[in-house]
Amino acid sequence: MRDLRKRTLSDILRIKQVSKFIRENKRMDGRKLDEYRDIEIKTGVVKKAYGSAYVSLGDTIVIAGIHFETGTPFSDTPDQGILITEGEFLPTASFYAEPGPPTEEEIELSRVVDRGIRESEMIDLSKLVITPGEKVLKLFIDFNILNDDGNLVDAAMLAAVSALLTTKYPNPEKVAELENDRAELKDVERIPLPIRDIPMTVTIGIINNRYIVDPTLPEEIAADALLSVTHTKNDEICAMQLLRGELDYNQLFEILNIVLEKNKELRELVLSKVGGG
Amino acid sequence: MRDLRKRTLSDILRIKQVSKFIRENKRMDGRKLDEYRDIEIKTGVVKKAYGSAYVSLGDTIVIAGIHFETGTPFSDTPDQGILITEGEFLPTASFYAEPGPPTEEEIELSRVVDRGIRESEMIDLSKLVITPGEKVLKLFIDFNILNDDGNLVDAAMLAAVSALLTTKYPNPEKVAELENDRAELKDVERIPLPIRDIPMTVTIGIINNRYIVDPTLPEEIAADALLSVTHTKNDEICAMQLLRGELDYNQLFEILNIVLEKNKELRELVLSKVGGG
Amino acid sequence: MRDLRKRTLSDILRIKQVSKFIRENKRMDGRKLDEYRDIEIKTGVVKKAYGSAYVSLGDTIVIAGIHFETGTPFSDTPDQGILITEGEFLPTASFYAEPGPPTEEEIELSRVVDRGIRESEMIDLSKLVITPGEKVLKLFIDFNILNDDGNLVDAAMLAAVSALLTTKYPNPEKVAELENDRAELKDVERIPLPIRDIPMTVTIGIINNRYIVDPTLPEEIAADALLSVTHTKNDEICAMQLLRGELDYNQLFEILNIVLEKNKELRELVLSKVGGG
Amino acid sequence: MSKSKEEYIRRDGRKVDELRPYSIRTGIFKNADGSAEIRLGGNWIVAAVYGPKEHFPKFQISQDEAILNCRYHMAPYSTSERKSPKPSRREIELSKVIKSALEKAVLLEAFPEMSIDVYIEVLQAEGSTRVASITAASVALADAGIPMRDMVVGCSAGKVDGHIILDVGEYEDKEGEADLPIAIMPNLKKIVLLQMDGKLTHSEFREAFELALKGAMQLYEAQVNALVSKVKEMGEIEEAEE
Amino acid sequence: MSKSKEEYIRRDGRKVDELRPYSIRTGIFKNADGSAEIRLGGNWIVAAVYGPKEHFPKFQISQDEAILNCRYHMAPYSTSERKSPKPSRREIELSKVIKSALEKAVLLEAFPEMSIDVYIEVLQAEGSTRVASITAASVALADAGIPMRDMVVGCSAGKVDGHIILDVGEYEDKEGEADLPIAIMPNLKKIVLLQMDGKLTHSEFREAFELALKGAMQLYEAQVNALVSKVKEMGEIEEAEE
Amino acid sequence: MSKSKEEYIRRDGRKVDELRPYSIRTGIFKNADGSAEIRLGGNWIVAAVYGPKEHFPKFQISQDEAILNCRYHMAPYSTSERKSPKPSRREIELSKVIKSALEKAVLLEAFPEMSIDVYIEVLQAEGSTRVASITAASVALADAGIPMRDMVVGCSAGKVDGHIILDVGEYEDKEGEADLPIAIMPNLKKIVLLQMDGKLTHSEFREAFELALKGAMQLYEAQVNALVSKVKEMGEIEEAEE
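Quick mapping for you: the protein sequence lines, in order, are chains P, G, R, H, A and Z.
Going by the working numbering, the first sequence opens with residue 5, and the numbers climb by one from there.
Going by the working numbering, the second sequence opens with residue 5, and the numbers climb by one from there.
Going by the working numbering, the third sequence opens with residue 5, and the numbers climb by one from there.
Going by the working numbering, the fourth sequence opens with residue 28, and the numbers climb by one from there.
Going by the working numbering, the fifth sequence opens with residue 28, and the numbers climb by one from there.
Going by the working numbering, the sixth sequence opens with residue 28, and the numbers climb by one from there.
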């Protein structure tokens, strides 16, 4: 379990170090408080998937892959495809990440990413319908943390969004003609996903009442609070999660302003690296 | 796990106290040996369910709720609806009741309640058929122990029976016309459940060779045996479970006579509070 | 868990004893190095199953039972029935065999037996089709280790093969006419399984660089390697599993020659006891 | 219901008060500390006992007495439809009532901080498996040399076509009007397992209970004989070895 | 959106800044160390607290502070379609965020090596259950006498038909444009739970947040009253007993 | 089968005795004590090693040697149909045979009471993943500085269209007549993993085995090179830092 409250002796020393730097408006890796680490984005890294992306934020590494299956729509949304997001920490990611059923941290992370995608209405799910009320496409976003050096939400969102932007999916009209969905789906003509928005998530850590962008794992442990905010391309807030800690009321609004800026920076970066939108 | 054999020092002291009272034909709470605690029954407590009941037997609190889904009948009973009973101790109920998969005590309790309802033929399951052999209604009885002060079987049966007596279920003829069962089932016209009997369960504890009705948790721990017997309204025995301990042959028949009396008392009480039947 | 590496003091003494005998080309139970223990095979032991066999190899006891259900074919083999093999150690088998989800040893054992049956093409799965692409028979091989005194692979294969050789299965043409598969399947006319081969598995242990056949549990613990090899009736190798340990390259080929001989012996024994083929 | 009790012949040819053919054997598994097999009509059930032995994990041990674990389980091939090997809710309930019954017989206080495991496997099921299981398990416990206050022996009675019958078979379980499985300690005359489903009047219940008692006493003899023949066999082996 | 904020009447008759009817009771369960019940519109939620108590297994204990466990769970009958009793991914996430919020209020450092269990059961759900749950849980903790830096109280705001509204009901949750559940420590003025979904501009967000704060302060009064009336009752009982 | 062994060209253009393009890198994950990546045709597999470290729970530790844990797992997106993240029976079997092979190479007796965890993740699968996995895992173990008797390197051979071929690709695995994955300790000349399915005569088997051996020796060179380049890089970094 990824338990940021765990305070071993070495954690405490690290926290002191981190705090000392932050008090001087510096960070241990030389970054400015509002600066992201180097961001690497590679798409199409897994050819077997319909879309995929490899993202590294410094030493944090995430891979996302997109798959499709046919299925029955939910009874309350007969004219919508189904979006499913499942994220796991691979046991390669850290000493704490052991194999087993998903932990509450993994479930929270998956659901935060899912809300970012879903609430921004990034994908037009009505375009995933094969026969209304009977058969639709299920879009699976699977992502994995391969190495954890903090800020998993931003990294996972970047991976999921980049994978989706470069996904080609089975044309539902052609799927309707299949005899054996399961065997033949992968050979159906593929068309680009109907993208309507590009949500971006920025997570802010509060250390010594200063706001830091893209916290590393030691910074997360040192932080008094961690807040993830997702914006649409039109600057609406579409998802928010206080991952940990407590905030003053005014801190919330100060953070929102920082996030709004960084979110634009990040979206431009993705567009330049991935295209789409 | 609810393990009545667990004998801490305080258990042992409690058992001695309980036994001392019983030897003098008294009980710690002032009741007579064959007297129930105050019984509170409220029906319709959960509007979201098709039927529900809140029952307290002294400090023992149980809630039961009734739900319906459509499903395929069992292959050996194509012309019968399906009855499913699942009971759980909520972790609010006691220090021993921890969250997790159902324990053997929870499974036994559920199955004893289920047999009481099923074997009395309380519900005419043939009236739950939508299309014979293809589609029927599944009737779910879910009950929860919210606080455990003993005699869970009687309390759970009272809750389940009271909830069923006041349940209105989706008219199968109207269900047959639905396009989307799952989404529309809850809006279908509802009619009263076809009730054929009102089973009642009475549990007797044996302490110092005396028979006590409606045992509290300390009395259950002190008891040498606990026997639950369910009767139909026609005084037939329809279910029986030796929950714990050992009985002499003659004790069995002495208990049956007590149970037969109490069962009538209890049924009248339910009818007066709930109506139906 | 069946962990052959577990080395208690009594294990170590036993290993020394076993090794001493083997160095003198003898075995503790008086057998020659290449000799099987007494093999008992009884078929039709469980009338409720479509086929069954009880096999004992000395004190190792295995029962296999064959069942059928209807189901949907896999998307990549629409014109083939489905073969499923599941083996478990019953907790009767040994002190280490505790109830619970299948261990890695149980899964390996099941899959080795499954490969022996499947890769030899023993059963003509195309004869298990009811409606191509839509409905086929699922053939379940369930086997249990009742007592473990080593060489479980050979014993389980003998039980599975003997059960299959004497299985009569529901005529798919008649199954096609059923209204309610689940309820009526067991009453359908039964015909012999379409048998095309009779695979046999022989497991060799290496102790002190000598090859021993049909190792007992103490011999397995003492062995440096355990190799299971399955042959078809035409002397082709159709499955192989290094269960444990390490082999020189030349040892592998020496073992293959021994296995080829023993495999014929075993096949004749089965044919004489069970018939078929 | 037109035929009298004496005339009524059951579907499998039995009279109302007749047990199915039965046999009990002990010492069937080499590894277990005790074991037994029962055949009762088409039922084929084996039981193995491991223990008394050290209990893990430590925090669960009881200072005063041994912990008895009990698993009743049906093999996938034991029924005419395949049964998933995963324990069902029914199997979990029966494990609990069988454990509860055996606990009254075993001198648990003789083995504080230890545990005793009883494993029952139904290899073929044909009605009344729970009582046949407890009968076999009790023999396996005795075979393991575990001290007991009394044997435990089970038997069922039921009601079919209006007749009270002994030893409920599979058809009678499915189609009958009532099923009453019991288990007793035959010398202490104590009931340790008692369940019922179906419908019985009080007088029918008494008749069924007494019939089940009679059947249990008959099976108790078979338990004793199985244990005696094992002792005899061992004597013969020892004599032969001398 | 044609109607002004003052005129807009919600489907259940409420004004935009109106809470549903609510009540909070404490001391509802005898066995628990603390307990509370909240009713908020159709929501019916109970919470029980066990602890502080020894923590098992030992290797998980924390030397510095108590471990807080928290389970948010919905009863199968709490929703209009039956909910499986097995915890869903949603329930696991909500358990985590509620735990995380309560941890900021409880003086965990007062009980090193111990654990405190908070169990929340939604008996009937009608929108905004997570914030009602945390409100009840906080009262149950106080009822258990566990020392806290402040109460925790939750409330939601949202956007429906273009209007920012207080205390999102079930219909508004499903059909509305945004949902913002928050929980605060009302005296310390700290946000301890904050989630959002839907779409809000920054100015809408500010309006919604301030509305939710206002609602939370109103519910905080009900928390205090519930605790005060319990103390009064106890006083009366004691007086009566004297 | 009309074409001779020399002429036969495989569907992906390879000769019968030709490996797919491959590369091995080490030190790819910062947190793990050792890590490696292998690409072999379309296979993309990573391995991480944690340990040696204290083993929990205590009652499982071995007094004499370290416990080696091993997990082989396929990512949901690694195959052309989505794979459930839950380990399948196939993955559990492969974890077991890979663990069994690595145990022969690692000097477990150097770390009594400790454990070593090997995690293998198949990010993209294209045939012969188990042998590629073991090849990567062995490099990750060496990268973690864990003492070993020898490297472990795996390779597969098979039979397709009547020809014995090296390094079975995905199409060849599905459509071919036999698959023979092996792993060896190349200096000690020991087989530590050996499985087979399909049908091979004894002489075909010998040919396939020898081909797989040859391939394994080629991949062993790549293992060594990966470890050497890492050492070189570190040297360069150190020089640069001086």
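Check the hints yourself; a few may be wrong.
Pulled a few chain P residues facing chain Z out of the computed Cβ check, cut under 8 Å [as the list claims (entries may be wrong)]:
1) 136
2) 139
3) 144
Partial selection, computed: residues in chain G whose CB lies under 8 Å from chain R [what the hints assert, rightly or not]:
4) 75
5) 80
6) 82
7) 84
In case anyone wonders, no lab produced these hints; they're calculated from the structure.
The beta carbon of each residue, even a glycine, is placed where N, CA and C say it ideally should be.
Cross-check of the supplied hints:
For residue 136 of chain P, the interface hint is violated, the least distance from its beta-carbon to any beta-carbon of chain Z being 24 Å, above 8 Å. Interface restraint check for residue 139 of chain P: the shortest CB-CB distance to chain Z comes to about 17 Å, outside 8 Å, so the restraint is violated. Given hint, residue 144 of chain P at the interface with chain Z, holds; its Cβ is 5 Å from that chain's nearest Cβ, closer than 8 Å. The criterion of a C-beta within 8 Å of any C-beta in chain R is not met by residue 75 of chain G, whose closest approach is roughly 14 Å, and the hint is violated.
Evaluation of the residue 80 of chain G hint against chain R yields a held restraint, the C-beta minimum of about 6 Å falling below 8 Å. Interface restraint check: residue 82 of chain G against chain R, minimum CB-CB distance 7 Å, threshold 8 Å, status holds. The beta carbon of residue 84 of chain G is not positioned within 8 Å of any beta carbon in chain R (closest approach about 13 Å), and the interface hint is therefore violated.
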